[in-house]
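Engineer: For the protein sequence lines, the chains are A and B, in the order given. The opening residue of the first sequence carries number 441 in this note's numbering; numbering runs sequentially from there. The opening residue of the second sequence carries number 5 in this note's numbering; numbering runs sequentially from there.
The hints are simulated quantities; they were obtained by calculation from the structure and are not laboratory data. Treat the hints with care, as some may be off.
Derived lysine-lysine pairs resembling DSS-like cross-links, with alpha carbons at most 27 Å apart [unchecked claim]: (1) Lys117(B) to Lys444(A); (2) Lys443(A) to Lys117(B); (3) Lys175(B) to Lys75(B); (4) Lys69(B) to Lys233(B); (5) Lys233(B) to Lys63(B); (6) Lys175(B) to Lys199(B); (7) Lys200(B) to Lys220(B); (8) Lys220(B) to Lys199(B); (9) Lys233(B) to Lys199(B); (10) Lys444(A) to Lys127(B); (11) Lys233(B) to Lys220(B); (12) Lys443(A) to Lys63(B).
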Amino acid sequence: MRKKIGFLAGGLFLVGIPMLIKNPYHLHLLIVIGIYGILTMGFLMQLRVGLISMGVAVFWGIGAYTSALLTTRLGFSFWLACPLAGVVTALIAFSIGIIIVRSGGISFLIMTLALNFILVQVLGTTYVGLFGGWGGITGIPRPVLLIPFFGSLEFLSKTSYYYLILLLLFLTVIVFYTIYHSRIGRAFDTIGETPTLSASIGIDVFRYRLMAFVVATFFSGLAGSFYAHYQCFLVPEAFDFWKSIYLQIYSILGGVSYPILGSIVGSAIAVIAPEFLRIAGMMEPIFYGILILVVAIFLPGGIVGFLHFSRQGRMYSQLGKRMKALFISFK
Amino acid sequence: MALLEVRNLSKNFGGLAAISYLSFDVFEGEILGLIGPNGAGKTTLFNVITGFFTPNQGKIFFEGKDISHFKPHQVAQRRVGRTFQLSTLCMRSTVFENVFAGFHLNYKTNFLKAFLRFPSACKEEEALRERAMEILDFMGIAYLRDELARNLPHGHQRTLGVCIALATHPKLLLLDEPMTGMNPEETEIMVGLVKKIRDSGVTIVIVEHDMRAVMKLCDRIMVLSFGQKIAEGIPREIRENQEVIEAYLGKEEMVFRVSRS
Numbered sequence: 441m442r443k444k445i446g447f448l449a450g451g452l453f454l455v456g457i458p459m460l461i462k463n464p465y466h467l468h469l470l471i472v473i474g475i476y477g478i479l480t481m482g483f484l485m486q487l488r489v490g491l492i493s494m495g496v497a498v499f500w501g502i503g504a505y506t507s508a509l510l511t512t513r514l515g516f517s518f519w520l521a522c523p524l525a526g527v528v529t530a531l532i533a534f535s536i537g538i539i540i541v542r543s544g545g546i547s548f549l550i551m552t553l554a555l556n557f558i559l560v561q562v563l564g565t566t567y568v569g570l571f572g573g574w575g576g577i578t579g580i581p582r583p584v585l586l587i588p589f590f591g592s593l594e595f596l597s598k599t600s601y602y603y604l605i606l607l608l609l610f611l612t613v614i615v616f617y618t619i620y621h622s623r624i625g626r627a628f629d630t631i632g633e634t635p636t637l638s639a640s641i642g643i644d645v646f647r648y649r650l651m652a653f654v655v656a657t658f659f660s661g662l663a664g665s666f667y668a669h670y671q672c673f674l675v676p677e678a679f680d681f682w683k684s685i686y687l688q689i690y691s692i693l694g695g696v697s698y699p700i701l702g703s704i705v706g707s708a709i710a711v712i713a714p715e716f717l718r719i720a721g722m723m724e725p726i727f728y729g730i731l732i733l734v735v736a737i738f739l740p741g742g743i744v745g746f747l748h749f750s751r752q753g754r755m756y757s758q759l760g761k762r763m764k765a766l767f768i769s770f771k
Numbered sequence: 005m006a007l008l009e010v011r012n013l014s015k016n017f018g019g020l021a022a023i024s025y026l027s028f029d030v031f032e033g034e035i036l037g038l039i040g041p042n043g044a045g046k047t048t049l050f051n052v053i054t055g056f057f058t059p060n061q062g063k064i065f066f067e068g069k070d071i072s073h074f075k076p077h078q079v080a081q082r083r084v085g086r087t088f089q090l091s092t093l094c095m096r097s098t099v100f101e102n103v104f105a106g107f108h109l110n111y112k113t114n115f116l117k118a119f120l121r122f123p124s125a126c127k128e129e130e131a132l133r134e135r136a137m138e139i140l141d142f143m144g145i146a147y148l149r150d151e152l153a154r155n156l157p158h159g160h161q162r163t164l165g166v167c168i169a170l171a172t173h174p175k176l177l178l179l180d181e182p183m184t185g186m187n188p189e190e191t192e193i194m195v196g197l198v199k200k201i202r203d204s205g206v207t208i209v210i211v212e213h214d215m216r217a218v219m220k221l222c223d224r225i226m227v228l229s230f231g232q233k234i235a236e237g238i239p240r241e242i243r244e245n246q247e248v249i250e251a252y253l254g255k256e257e258m259v260f261r262v263s264r265s
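Only chain A is shown next, with the shape it has when bound in the complex:
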């Protein structure tokens, strides 16, 4: 019950944010947090079943390009192109996944990494007429909402985009939450810890891994579609493998064991922290790096894990243990 009230309050707060924040740049940051939050959630779902994906950005890019092509070349509306982008991404993920998910472990990692390079190259150099080469696709239309008896509403303000990404985020959270809290999620957990045991209790490891992979990429595709119509232009470099690495860092910042809240908090910190670190000027990346190190060393459960622990009063013992370990290692 308390959890439900918490959810409701959090949701209402998020809905109300545009009333409090008028600065469009701040809203832009929130929108970016939303996109990264969805992508990080996808990464963590794959991690849950023991698949370390180095190519989260691949399916984000596929979603973005699919949606952009559907709207610019075929004249689809955003409302059709967005779910289609998700479906196309999921289908591509399914056909690739049949090959790469089966192997699991380190080879999955390497193959997703390779996919990331392949995607950027393919988008940049092949079918220049279609993909637009390294220059990318420009002039992607903004979503237009047609309301009967009212007229049309074009998404021009950041506020409208904010509500759109909030909707997507809510959708993702609801779906992921239900998955994690059903027997499918339990099977995920078991697979992530010991694939051997899972097989021995009758879980089809490959099928569940493929399922996690496809579900995660579906939502990455949706996020990609949103990104395309938010930026209104796309370049292949936006989906290079550094993005995939960054998303992993976000998940570590938030807490790997908290696949929903951790992703959102992690991306929020990762997006907001550089704003505060900007005063450091050239030194900014160093401070950013230090922040990540501090979290990784002292808060192994990430920020959410830290808050969770501190509520149970176990924080100090954890911190003390870490300090001690660090001290010993320096000696």
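Chain B: place on chain A using the hints.
Structural biologist: Below, chain B without anything else, positioned relative to chain A:
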């Protein structure tokens, strides 16, 4: 008809024959002990039966159906449960969650209903929760239900492994050294529990190094050495079998020669 029939089974790792031309039957309702020196192929045999390894030759029939090329989860779906030699548990989960995970095959409501949380799916989950507690009670570790699996002593981890296997509701249960890391009293309790499991209608094949426990527990014993069956029979026969003694202790002349030099 035997519950499990193994016919001419061979498994090679490169040039090493881990199991060669092995044939045996497991009859319904019995406890079959599987013993042999280290490297005799006992665990390999379990892995082949449960589909973790594919056999190079031979067939395995479970309830008359050929399962020799099944995948592990397909074998499990035929209700063959197993435990592992090394404690293979969800170490970060609690004892209860571990057992609960084992119910994967026991759901009757489908995927979509579970996802959308139909009342029937919730009710089913509730029933399975109770069943998990029953299993923990039965195995005597109910008081540890909220303990993390990794914090358990080794003996309790073995017991938990058996609990998970029981949760799959097996017809045939393959226990791989369930008594390692247990003191004599715990072993005694485990012997009683395995017997109780058998009495509840589960056929059991057990690999164990604790000879006293094996002799007490098993209806029949099969001895493996270098992947071959060297003896099979009731415990008393095995104890007096010359070949078995040789396999375990070496040939008499060898012992003699060593002791002289």
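Engineer: Now look at each hint and say whether the structure bears it out.
Structural biologist: The hints, checked one at a time:
The hinted pair formed by Lys117(B) and Lys444(A) meets the criterion: a straight-line CA distance of about 22 Å does not exceed 27 Å. About 23 Å separates the Cα atoms of Lys443(A) and Lys117(B), which keeps this hinted pair within 27 Å; it holds. In summary, the hint linking Lys175(B) to Lys75(B) is supported, as the alpha carbons are separated by about 18 Å, within the 27 Å threshold. Only pairs whose Cα atoms come within 27 Å are accepted, and Lys69(B) paired with Lys233(B) is accepted, the gap being roughly 23 Å.
The hinted pair formed by Lys233(B) and Lys63(B) meets the criterion: a straight-line CA distance of about 16 Å does not exceed 27 Å. For the hint linking Lys175(B) to Lys199(B), the alpha-carbon distance of about 14 Å falls within 27 Å, and the restraint holds. This hinted pair checks out: Lys200(B) and Lys220(B) have alpha carbons roughly 14 Å apart, not beyond 27 Å. Between Lys220(B) and Lys199(B) the alpha-carbon distance is near 10 Å, which keeps this suggested pair within the 27 Å criterion.
Straight-line distance between C-alpha atoms of Lys233(B) and Lys199(B) comes to about 25 Å, which keeps the hinted pair within the 27 Å bound. In summary, the hint linking Lys444(A) to Lys127(B) is supported, as the alpha carbons are separated by about 21 Å, within the 27 Å threshold. Proximity of Lys233(B) to Lys220(B) is assessed by CA-CA distance (about 21 Å); at most 27 Å being required, the pair is judged to hold. At roughly 54 Å between alpha-carbon atoms, Lys443(A) and Lys63(B) are farther apart than 27 Å, so this suggested pair is violated.
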